[in-house]
Amino acid sequence: MFEAEGRPKVIRLKMPLEGEMIVQDAIQGEVRFDYGVLQDMVLLKADGFPTYHLAHVVDDHFMEISHVIRAVEWLSSLPVHWQLWQAFGWAIPTYAHVPVMLNPNGKGKMSKRNPPRDAHGNIIPVLVHDYIASGYLPEAAFNFLANNSWNFGDDQEVYTPQEAVARFDLSGINPTNAALQIDKLDWYNGVYIRQLEPLDLARRLRPFLESSGYEVNVELLSALTPMLQPRLKRLSAEEVMAYAGFLFAEDFPPLPREVLLRGFKGDTATAGTALRSAGEALAGLAAFDAAQIERALRATAEALGMKPKEFFSLLRNALTGQEVTPPLFDTLPLIGRDESLRRLAEAAATLAG
RNA sequence: GCCCCCAUCGUCUAGAGGCCCAGGACGCGGCCCUUUCAAGGCCAAAACACGAGUUCGAAUCUCGUUGGGGGUACCA
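Residues in the first sequence are numbered from 5 upward in steps of one, following the working numbering.
Derived from the structure by calculation, the hints contain no laboratory data. All residues carry an ideal CB built from backbone N, CA and C; glycine is no exception.
DSSO-like mimics (lysine-lysine), calculated; alpha carbons at most 27 Å apart, straight line: (1) K13 - K49; (2) K188 - K237; (3) K313 - K237; (4) K188 - K111; (5) K188 - K116.
For each label pair, taking beta carbons as the anchor points, the in silico distance ranges come out as: (6) K18 - E167: 47 to 57 Å; (7) K311 - E201: 32 to 42 Å; (8) E167 - L289: 42 to 52 Å; (9) V220 - T98: 44 to 54 Å.
Please model the complete structure; the sequences and the hints are all you need to start from.
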């Protein structure tokens, strides 16, 4: 009669009206549902296409799927699927409903539709791809994720996928929903960055610098990378520049007095003397390498009766213009002897004038 | 509303009745190292949601409450 009237029709799965259904889940254990509250779900829509429920069971049967692993939000539809398997008379695969990832603040599940935000209101990435683009190493992301709702055991936090696979078992998954702790991802990332071969790190850093518009001198980057390695939290031009921007600047214009004297408590004349003395010491070196530079500069500081801290902060100001840099002994060779001497002389001149 | 799942430090977790006045990690605080920043080392603070049971004994078992999450579509 419906058809005669031209009305659309669907095909539903008839569920028992009463009784209790017991399903098995590898993580949640035995779950019970009253048939009374379960609906007759649509299997074929009016347009003739199957719903997920039908497609899932039919597809997975013919694809010989052994384990269905999905998030707990699917647990509610498990009875329908269970009933379908039984209706078809097919063997039911192992179901495992894993906990969902909660937003970092623990409120609501992670979703790209409503991305979480940090304390500053910035969007926190949701897609794995976005994490990679944000400078997180795949190996760090894996390790971090693996430690959510599961753990390696033996109080070991850092491990490889191979090690994890060897130990992993569905029954070891903690059914509790877990909030993502981005701070810990940052820590993992640092751990993995430090484990990289320096040249590998340099290679991975390069595209991030280039996409930010920096021209990369491969030799310089390779020499710089070991200094960056213990300091970087992520692969990002921003972090690299925070430490070594002075090596990437187009030119190095004269620095104002307040920059040159930043953090220095002594008088200007003393500062000027220190810079000139450092220049003289460096000029006389047989080789411009870290070991010789360190020996010469420490001797100079001692001769001047200055504490290393005040002496080196003056040099850092004059040579880099930055408050934070990798250790000077290592970075000076990257600046080069001539340019280093030029910067020291220029700074001394500024202070004298 | 109804149904389902979950519940240990701020966060991720260890813990499957006595080994726990609860262990590890991140973060936080302090100290050491130190030319700045990191890294590294050491120390500290920090939790069994609550209430009833069961038991000689409960973070571990049961029930309830509260809280959180999810589902209630001709979406996945």
